Amino acid sequence: MNIKINGENREIEKEITITELLVLEKVKMPETVSVQVNDEFIDQDSYENTKIKDGDDINFLYFMGGGA
Amino acid sequence: MRDFSDEELERYSRHIILEDVGIEGQDKIMDSKILIIGAGGLGSPVALYLAAAGVGEIGIVDGDVVDLSNLQRQVIHATKDIGVPKCESARAKMIAINPHIKVNTYKKFVDASNLLELVSGYDFIIDGTDNFSAKFLINDACVLANKPYSHGGILRFGGQTMTIKPNESACYACVFDRPPPKDAVPTCSSAGILGAIAGMLGTIQATEALKYIVGAGQPLYNSLLSFDAKTMNFRKINFKKNPKCRVCGGEGIKELKDYEAVVCESKI
Ligand SMILES: [Zn+2]
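Protein chains in written order, with my numbering: chain A, 1 to 68; chain B, 1001 to 1268.
You may find that some hints are simply not true.
The calculated BS3-like cross-link candidates involving lysine-lysine, where the alpha carbons are at most 27 Å apart (straight line), are [what the hints assert, rightly or not]: (1) B:K1241 / A:K53; (2) B:K1240 / B:K1147; (3) B:K1236 / A:K53; (4) A:K51 / B:K1241; (5) A:K26 / B:K1147; (6) A:K53 / B:K1182; (7) B:K1244 / A:K4; (8) B:K1182 / A:K28; (9) A:K4 / B:K1236; (10) B:K1182 / A:K26; (11) A:K51 / B:K1236; (12) B:K1165 / B:K1147; (13) B:K1240 / B:K1257; (14) A:K51 / B:K1240; (15) B:K1230 / A:K28; (16) B:K1244 / A:K51.
Derived from the structure by calculation, the hints contain no laboratory data.
The structure displayed is predicted, hence computed values, not measured ones.
Can you build the whole structure from these sequences, using the hints too?
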């Protein structure tokens, strides 16, 4: 199935959960990224049981804390 | 509207001839009060441009003194200022650019005990801080006090920013629920920052503040602009206010708390 991650088209073999997607995308610390699926933010507690579906538009938003 | 002196008409002529600003817009800029929290990498360009623009009253909050390692990017400070309080060093340059403006200095760091009072005297707030506790605290204070503000963050070759109009657009906590675990996210002091990146992001924040004051265009409400200067890719991610947001949704927050406390409570 085809999905979009941070604006780029990607193909993945089967339906997976956000937790699995984070592993696939090599996100080491899921606490440091905010996940948005089709304009909605997903609660960290629901990563385990939220399935990514064909056509989903996914954004990973990373913390950036510098300024000085 | 005020009577502009000949000097002011000339000083601000490029604003006055600018469609969407004009003499009315310049008048609004001169009537406005903006608070800049942090006189560092982001605060420096913001302070310089807002002073040049003629913002009537500018507050600068920073508890630090200028250090040699700041000068690679904190362009408002000079080598001779090493050891001088950053808010005083910043004030001197701002007044040198524009003697018409008033600059209020606060030599302190923001915390839950002083932030609400600080923001209450201003129309727009700039987050130029360098740590998550302060960034989340500024968000909470601006939501509580209903003050629009610009969030900014930079790291290595990248930056991100969003503009928040509390209760109308998504707040920082709508996007990032709470601060990341301590040391989980690198900082500029641990991972470095290309100096000019601070200028790229700070000038966007100054622009957002001025757009808000004059009412021109579309501020970065409900969207996070991020860029990677290595590729010069700029990306805007759109979202909506989160009805379940810990800070601005449903119950929301009722009082300001320092983030050490908030993070500890959330673990219980
Ligand atoms: Zn919110």
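Check each numbered hint against the structure and report the violated ones by number, ascending. 5, 6
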